[in-house]
Structure formats: structure tokens, C-alpha cells
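Got chain A sorted already, so can you dock chain B onto it with the hints?
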Amino acid sequence: MVLELYLDLLSQPCRAVYIFAKKNGIPFQLRTVELLKGQHYTDSFAQVNPLKKVPALKDGDFILAESVAILLYLSRKYKAPDHWYPQDLQARARVDEYLSWQHTSLRSCCTRAMWQKMMFPVFLGHTVPPETLTSTLAELDRCLQLLEDKFLRDQPFLTGPHISVADLVAITELMHPVSAGCRVFESRPKLAAWRQRVEAAVGEDLFQEAHAVVLKAKDMPPLDPTLKETFKHSLKSLLQ
Amino acid sequence: MELFMDLLSAPCRAVYIFAKKNNIPFEFQFVDLLKGQSLLLPRQAWSWEEAQGRSVAILCYLCRKYSAPSHWYPPDLHNRARVDEFMAWHHTAIQLPMNKILWFKLLIPMITGEKVSDERTNEILEDVKKSLLQFEEKFLQDKMFITGDRISLADLVALVEMMQPMGGKHNVFLNSHKLAEWRMRVELAIGSNLFLEAHDRLLQLAEWDCSTLDPMVKERIRGFLRKYK
Chain A
1 MVLELYLDLL
11 SQPCRAVYIF
21 AKKNGIPFQL
31 RTVELLKGQH
41 YTDSFAQVNP
51 LKKVPALKDG
61 DFILAESVAI
71 LLYLSRKYKA
81 PDHWYPQDLQ
91 ARARVDEYLS
101 WQHTSLRSCC
111 TRAMWQKMMF
121 PVFLGHTVPP
131 ETLTSTLAEL
141 DRCLQLLEDK
151 FLRDQPFLTG
161 PHISVADLVA
171 ITELMHPVSA
181 GCRVFESRPK
191 LAAWRQRVEA
201 AVGEDLFQEA
211 HAVVLKAKDM
221 PPLDPTLKET
231 FKHSLKSLLQ
Chain B
1 MELFMDLLSA
11 PCRAVYIFAK
21 KNNIPFEFQF
31 VDLLKGQSLL
41 LPRQAWSWEE
51 AQGRSVAILC
61 YLCRKYSAPS
71 HWYPPDLHNR
81 ARVDEFMAWH
91 HTAIQLPMNK
101 ILWFKLLIPM
111 ITGEKVSDER
121 TNEILEDVKK
131 SLLQFEEKFL
141 QDKMFITGDR
151 ISLADLVALV
161 EMMQPMGGKH
171 NVFLNSHKLA
181 EWRMRVELAI
191 GSNLFLEAHD
201 RLLQLAEWDC
211 STLDPMVKER
221 IRGFLRKYK
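Keeping their order, the protein sequence lines are chains A and B.
If you count by full-length UniProt numbering, then the first sequence holds residues 1 to 240, one letter each, in order.
If you count by full-length UniProt numbering, then the second sequence holds residues 1 to 229, one letter each, in order.
Some hints here could point you the wrong way.
Stated by the list, open to error - Listed next, the stretches of chain A that the computed footprint assigns to chain B, with coverage defined by at least 3 CB atoms under 8 Å from CB atoms of chain B:
#, stretch
1, 59–67
2, 96–102
3, 202–208
To be verified - Dumping the calculated PhoX-like pairs for lysine-lysine here, alpha-carbon to alpha-carbon at most 25 Å:
#, chain 1, residue 1, chain 2, residue 2
4, B, LYS115, A, LYS236
5, B, LYS143, B, LYS178
6, B, LYS138, A, LYS232
7, A, LYS236, B, LYS129
8, A, LYS53, B, LYS21
9, A, LYS52, B, LYS129
10, B, LYS138, A, LYS58
11, A, LYS52, B, LYS178
12, A, LYS53, B, LYS143
13, A, LYS52, B, LYS65
14, A, LYS228, B, LYS130
15, B, LYS178, B, LYS35
16, A, LYS150, B, LYS35
17, A, LYS150, B, LYS65
18, B, LYS115, A, LYS228
19, A, LYS53, B, LYS115
20, A, LYS232, B, LYS218
21, A, LYS53, A, LYS190
22, A, LYS53, B, LYS35
23, A, LYS79, B, LYS65
24, B, LYS138, A, LYS52
25, B, LYS65, A, LYS77
26, A, LYS37, B, LYS130
27, B, LYS143, A, LYS52
28, B, LYS130, A, LYS77
29, A, LYS232, B, LYS143
30, A, LYS58, B, LYS115
31, B, LYS65, A, LYS236
Worth flagging that the hints you see were computed from the coordinates, not collected in a lab.
Note that this is a predicted model, so its numbers are computed, not measured.
Heads up, the beta-carbon is just placed ideally off N, CA and C, and yes, glycines get one too.
Isolated chain A, as found in the complex (with noise of 0.2 Å):
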């Protein structure tokens, strides 16, 4: 029974799933879950799901959720090249710091950058108030700092010499403010440097394929109205 993948493009941590699957030549049965129609609340996706999120793996009868835990197991299962997540104890240590800070650091303002940013108006017709913004905003370039300072520092790669999933999480993460016309890249030559080198490790067809979803986010039509009720938990954590 092949791999199933159960992803939303839209979503940062999905990219990052699809581009380690697809570069490694993992074949997997792609189910696409379309977040903005809320196709993670339905019935029948909790039963892939209770978590209700994307992405989400099913292989035969074992069911797996959160990007990090996904791409770890298809590491392993598929004998990926050592560089995506090392055997070294110590290489592998800052690939597991790398992958246990963003969670609440980049990844919390990537999403709230875009979301604030562009989804707000675009997608469900309002404006953020800008102090929220603004500070959203600052937040992103603290976090951004971080990396810089913390994670990358002179490397070609975020843990070391050679691209590992932790690039590859990040990556995709800072597209997401980068579809919502924020300039990540522009001001920070270093970042600029290290997202080349990233996307020519994955290959650019690859990185565009991953990324065309989300970078024709800005055109999406608005959320039916139907739906505002099943959204509106979800998106008053979105407006911090």
C-alpha cells in the first residue's frame, strides 16, 4: 500500500514535507486538504487527523501528524542521504535545536506576518489594526535576526556545511511572508546568500512547484461566508 500524504501547498510545513518526499524520491499518493475551503474540519479527515491539521501521513495503518515528526520518520524509513538529518551526535543536536525552536519562534510570525498582511484583507476582507501589524512585523525581523545571528552565523547551511531539514523547514517558512510582499530577503545579504543555496540543493523546478500555491495566494478569491463560523477560533490566534 503506498504512502499517503495528506497536504494543503498553502501551508508551510507541508511544503517542506513535499519537497523532502519529492527530492528524495519517496513515493507517496498525494491527498490534497484544502485549508481554506476547511477541509481539516471535516469528519472524515479527523479520522486521518483527530489533530485536524495538515500535513499529515498514512502509511498502511500507522497515522502521523507535525511536519518535524513526518520528515524524521521518512528520513528514516527511506534511508535519506545522512546530510538531511546526520548520525553525528553533535551535527544532529543542532538540527534538533534548530527544528524544536521555530516552532514558536519563526514559524509563529511567519504565519501571522501573512496571514496580518495579506489573507486579512485579501481573503476575509479586513484590515488588521496596523499597530498589530507593526509589531508582527517586528517580531519577524527579531526572529529573522536570530537566524542570522544564532543559527546561521557563517555557515553555507543553517546546522553546518551541508543542507539538512532544518533548511528546509525554514525555507519554506520565510516564503510564506514573502508571498504576502514582505521583503525578507532585500535587506539581509546573508539570508539572501543562504536561500540561493537552498534552492539549488533542492532544485529550483522543485522549490518553484512547492512554492506556486502560495505565491498565487494574493489572487485567492474570499473565504465563502459560509464558513466564518469554522474559522473564527483559528483566526483570533492569527490576529496577535
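Okay, now just chain B, sitting in the frame of chain A:
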């Protein structure tokens, strides 16, 4: 090996308990979060928030380096994935909101003299309720521990995080037998003495005299807390 920590921080407690339980020799370097000291690590200085994420990495590192018994981080594909899944999920679902309860119920009123609105407090309590339900239904289910019959890093991390609100006298285990029973099993597997030792500082937090807090640190905390008013 030096471990820089303050046992007020849940991630630090997880590392402390794991190291002690597995007889991993280390030098405890106390970094006093109540004095506004940051965790200083070789090469880099991190603020408390920034350092929170690192404990998962430290736990896995210690596990492998000191060849801890395999039940802590099971080698088989599926069980290991379960631990990874919980570790990834818990940052936003458990760690963040449990810490917020401590800040809202104790630290903010204590340090700033002002209360957090009931609306904000109820919101976070609702979030925690929802997360704990998901924890029981998806992660624990009808098993003794998250991966089955033996304790793993996931149970350790889950429990120390759920203990965080206790510092503000808020007990999240009161409403669920299942959760309370799992908690007892984890405590027993760790060893009650070690568990209590690790949580002693947290449980005394309400008695802290915060008038000694550096005014600059107080102001920094006030600024950070303004968004929760």
C-alpha cells in the same frame, strides 16, 4: 558537562530529571531567572524564551551520548515517530499555554501589581482544556504511557510542562482521572523523590519576594506583558 539551568523552567526540569535518573554526571550551573539572568551557553547568549526550545535537543543528545535505556527514545520506527510527534506538538499545545497560566495567575499580578483580564485568563484555560483533551484522546489513549508500557521522553516532557501552572497554585490534573493516573505512573517511574526535588523551586514560587527584582528587569517584563493585558 555543565548544565546551565533554573528549575523554574519546565524544559530545565526535564533535562535535570533525565540526567539524574540516568546517572549522567553533570555540573549544575544555576542561572537565576528570577534575577533576570539569561541562560548563558557556550558560544551564545539566549533569553529564556529562546532557550525553551533547546531542551528537546539536549534530551535526545543525552539519550544517545550516554546510551540511556531504549524505552526513553525507542529505536523502532513507529514508536520513535510517536515521541517525535508529541515533542513537536507540545511546544504550542502544552508548553506555551501552561507557561501562560503561570504568568497570568501568579507572575503578572505579582510583578506588575495588575490583574490579567478574566477574558484573557478564561481563553487560555479553555485552550489548555482543549489541549489536554487532545493529549488524552490522541497521545495517551488507553495506554499506560504515550508509547505503550514504558515511560519515554515524551511522558517526561509532558508532565514537567503540565506541572508549570502549579507554581501559581493551579492544578490541571483535577478534572481528569485518566490524566491524574498517568501523572502518578510517570512520577513513580521517575521516582517520587527526584520528581519532588526537581519541582521544589517551582512550588515555592508564590513565596518569592519580587520586590528584590531589578527595576530594569521589571520594566522589561512589564513591556513584554503589556500584550496580555
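Here is what the structure says about each hint:
no.: 1; hint: 59–67; result: holds (count 5)
no.: 2; hint: 96–102; result: holds (count 6)
no.: 3; hint: 202–208; result: violated (count 0)
no.: 4; hint: B:LYS115 - A:LYS236; result: holds, 22 Å
no.: 5; hint: B:LYS143 - B:LYS178; result: holds, 10 Å
no.: 6; hint: B:LYS138 - A:LYS232; result: holds, 24 Å
no.: 7; hint: A:LYS236 - B:LYS129; result: holds, 17 Å
no.: 8; hint: A:LYS53 - B:LYS21; result: violated, 35 Å
no.: 9; hint: A:LYS52 - B:LYS129; result: holds, 17 Å
no.: 10; hint: B:LYS138 - A:LYS58; result: holds, 15 Å
no.: 11; hint: A:LYS52 - B:LYS178; result: holds, 23 Å
no.: 12; hint: A:LYS53 - B:LYS143; result: holds, 23 Å
no.: 13; hint: A:LYS52 - B:LYS65; result: violated, 36 Å
no.: 14; hint: A:LYS228 - B:LYS130; result: holds, 21 Å
no.: 15; hint: B:LYS178 - B:LYS35; result: violated, 38 Å
no.: 16; hint: A:LYS150 - B:LYS35; result: holds, 24 Å
no.: 17; hint: A:LYS150 - B:LYS65; result: holds, 24 Å
no.: 18; hint: B:LYS115 - A:LYS228; result: violated, 32 Å
no.: 19; hint: A:LYS53 - B:LYS115; result: violated, 34 Å
no.: 20; hint: A:LYS232 - B:LYS218; result: violated, 35 Å
no.: 21; hint: A:LYS53 - A:LYS190; result: violated, 33 Å
no.: 22; hint: A:LYS53 - B:LYS35; result: violated, 39 Å
no.: 23; hint: A:LYS79 - B:LYS65; result: holds, 22 Å
no.: 24; hint: B:LYS138 - A:LYS52; result: holds, 11 Å
no.: 25; hint: B:LYS65 - A:LYS77; result: holds, 23 Å
no.: 26; hint: A:LYS37 - B:LYS130; result: holds, 23 Å
no.: 27; hint: B:LYS143 - A:LYS52; result: holds, 22 Å
no.: 28; hint: B:LYS130 - A:LYS77; result: violated, 32 Å
no.: 29; hint: A:LYS232 - B:LYS143; result: violated, 34 Å
no.: 30; hint: A:LYS58 - B:LYS115; result: violated, 46 Å
no.: 31; hint: B:LYS65 - A:LYS236; result: violated, 43 Å
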